[in-house]
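> With the hints as constraints, model all of the structure from the sequences given.
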Amino acid sequence: MTSKPLPSLIAVIDVGTHKTASLLGQIIDGKARMLSFSERRTDGVVKGTVTDLEKLTQCVHEVVNDIERGSGRGVEQVYLSLSGPAAEGERVKGFVAVPAHDGKITAKDVSEAIQSAKRLEPPEGRATILYMRQPTMLDNRPVTNPVGMAGKRLEVNFWRVTMEEGNMRMRVGMVNGMSIKVRDFILAAHAAACATASDADKQGVLVIDIGAGTTDWILYYKEHILCAGSIPVGGEHLTNDLSVALRISRETAEDLKLRFGSAMHRENDVNQTIWKDGDKGVGDQQFNRGTITQVLSLRYQETIEFVRKDVLRRLEAIFPGHAVKLDQNMIPSGVILTGGSANLADAAEAVQLVMGLSARVGIPNFENESLRKPEYAGVVGLMTAAITDAPPPVRRPRGFLAQLKELFRL
Amino acid sequence: MGLFDNLFRKRRDAFLGQADRDWRALVPQDVNRVPEGEIGRKRAVRSNLPTFLAVGFFVVMVGMLWWAVDESVTSTPSAGLLRYKTDGFLSVDFVKKTIANGPEGFARDVRSIKAELESDNQVVTADVRRRGDGTLDISLRERLAVAKVVIASPGKVTPMQVRIVASDGLTFAGAGYPEQAVRNLPEIADYRSSGSDDKMVIDGIEIAAPFLLTVRTTYPNLYKQWSAVSLRDCFGAQEDSPGSNLRVTVRPGSQPMDRPALVEILFSTANWRNELALLSRINVDDMLRRPGTTAQAYVLKMSIQNRTNGASPIPEPRLVPLTPR
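Chains A and B, in that order, are what the protein sequence lines are.
When we follow the working numbering, the leftmost residue of the first sequence carries the number 2, and every step to the right adds one.
When we follow the working numbering, the leftmost residue of the second sequence carries the number 10, and every step to the right adds one.
Below, in silico cross-link-like pairs of lysine-lysine (DSSO-like), each with a Cα-Cα straight-line distance of 30 Å or less:
no.: 1; chain 1: A; residue 1: K153; chain 2: A; residue 2: K109
no.: 2; chain 1: B; residue 1: K51; chain 2: A; residue 2: K182
no.: 3; chain 1: B; residue 1: K94; chain 2: B; residue 2: K233
no.: 4; chain 1: A; residue 1: K56; chain 2: B; residue 2: K51
no.: 5; chain 1: B; residue 1: K123; chain 2: B; residue 2: K208
no.: 6; chain 1: A; residue 1: K153; chain 2: A; residue 2: K94
Honestly, the hints are just simulated from the structure, not real lab data.
Set out below in C-alpha cells:
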C-alpha cells in the first residue's frame, strides 16, 4: 500500500469479466459512507484478460462518470482491483542476522530485513504491484512484533503480487486517460475477504471469490495472508456448459441457471420438469431439472476442486517437504464463498463436499442494504481494504519548536 | 521522512539493489494530458467546472474592485501619483505646478514641497506625506477670505487687480476662487497700503479683518448685505482715537424700495463688538419707516456713545440723513 495518509474521499473500481462496479465513499471516523455507486456490464474482458481495451476504457469511464454525477464530487484517484491470471503471487522473504551482542531486535533490523526481502527482483518483464505482510519469524518462531525481543535470525515474509508490465501499463493508462490517478491496486480476493471475513475468521480461512470469468482465492492463517491465487474458470463456464448440454442460447442458459440451477445434484431433481417461460405456450420449452443440476454441479464442484488443488500446490511451494493438508486445524473458519456464483443454490454445500471444510456464503459487511450481496463483496471489500490497509494518520507535532525538531529529526 | 533523510539517504539503486520493479516507479502517472475519449473529456470539463467558475467569479470581483478603486481615484482631484485634498479653492494644477518646481518632480522631498506650498499666502498649512507606493498625499488648509481689495496697477495688462483679504489681514491672489465668490466679498475701500502682492500691507487691516471675520462667522445675514468697508476714518493703531471708525457700505439691492435706503453703517474701531451685537438686535427697518424719516438715504451711526447716565458709555445707534460729501 502507499504510505500516504488516507484521503477523505475514496473511489474504488472493480473491473470484472461480467460487470464493472465503482463505489465512491466518504471516510468519517474511519468508516466509509457511500456517496455513490455505479455498475455496468463489462465489455472487452474475457476470463479476466483484457481483449478490447477501447471498450473496457469506455466502460470504466462510464462508471466513473456515474459516481461523479451521483455524488456531485470529483474523483481524482482510484483504487483498482486486481484479479484473474494477470496477477501472479509468490512468497518472498528477507532476513538479517541480529547484529546486537545481546541479540535484541531494533526497528532498524526489521527495516533491513524488509529491504532485503524487497530487494528480490520479480520475474523478467513483470512489475511488482504490492507486498502483503506474512508472519515474521524470529529463530523460526512466528512473532507479531519482534522489536525489543532477543534472537539470532530475523526473517520477514511477504506475499508479493506481480503483473506483466504491459498489462499494468495498460490498466494505469486506462485510468489516467480520464485525468485520474491510480492510487493503488488491491487484490480482489483480499478485498472480498476484507468485506466478508472478521479478524477472528482470519485465524484460518479460505475465501473463494467466484466471478464470471475467474475464480480468485486467498488463504489467511494467523491473521496473515498465506497465499493467494486465481484460476481462469468462473460462472460463465457454468452457463456455457448448460448452453451446450441443453442446446440453448447463452441467455436462456443464464436464465435457467439463476432460476433452477444448483451446485448439488440430487436424485429427485430428475423427476422435475421445468418450463423455460412457464406459460407453456408456443415457443416455451421444457427441461429436466436433473439435467440442469447435474451439469452445473459437476462444473461447480470441478471448479472448487481446481481451487483446492491450486491452494495445495501453492502451500507445497511455500513449505516444501511438508505434508500439507487443508483441514479444520489449519482452516478453522472454513471457506467463505463470494462473487456472483456464490448465489447458486447449495453452493456452500458443494464446497463443503469438495473441500471437506465448513463453508458459507459471505455477505459483505456494509451500511448500504443494496450492496449486502455476495456479488458486491469485491467492490465493498476494495473500500474496506483501502481503509484498513492505509497507514495510521500521522499526528503532526504542535508548536514551532516541535515542528522544527520533526523537520530535522532531532 | 525528515529533511536530512530526504537529502542524504543512500541512493535507491545502491540501497535496494537493482531498481525495484514497483509499478509506481515504472509508470509515472501523467494525468495532466488531454483526457482520452469523449466521456473522459466531458468528465474533465465537468470536474473542472467549479474551479473555472470560482476563478471566473474571482476575476470578475477583482475587476469590479479595480474599476471601483480606479473610479474613486479619478473622482478625487488628483493625477498620477498624487492624492490631493483642500478645504478651499486651490486646484490640483496649482499643487502640481508647485511640485514640478523642483528638479526631482514627484520624487521631491516632502518638506520642501510643504515649505513651498505654505509660502503662498492663500495656504495656512500644508500636510504633505509620501505613501509606501510613492503616492504623494497632500492636504491643504487655506486662509479664510473675508474681503477683497482692488488695487490699481498702472502699466500692467490689467489695470485693476483684485486681491483677497484673509481673516488675519494677509492678502493673496485668490487662485481658484470662483468669480461669484469674489464678487460677494465686501471690498476694502479708502485704504492706504505699502508693498505689493503677497507683501502688501494695508493700514488698519488689523482692525478691519477681525471685524469682518466676526461678522462673517457670527452675523452672516449682516455680512451678506455689505458691499464695502471703508478705512477712510480708521486710524489703525490708534483705534481708541475719537472718530476712528469703520464705514460699512450696505448693498442697495438688499433693501426694500418703499422706505428710505440705509447707505452706510458706522462702527467705532474701539467698540465694534458691542455695536455689532446691538445691531443684530435692533430693527433697522422699523427705524427707517418711522415718521420723520424723510430723507432718501440714511447713515446708521453705531459709534455714537450715550454718556448721559454717568456710567460707562453705551452705543446708541442713530440714523443720520446722508449728506453728500
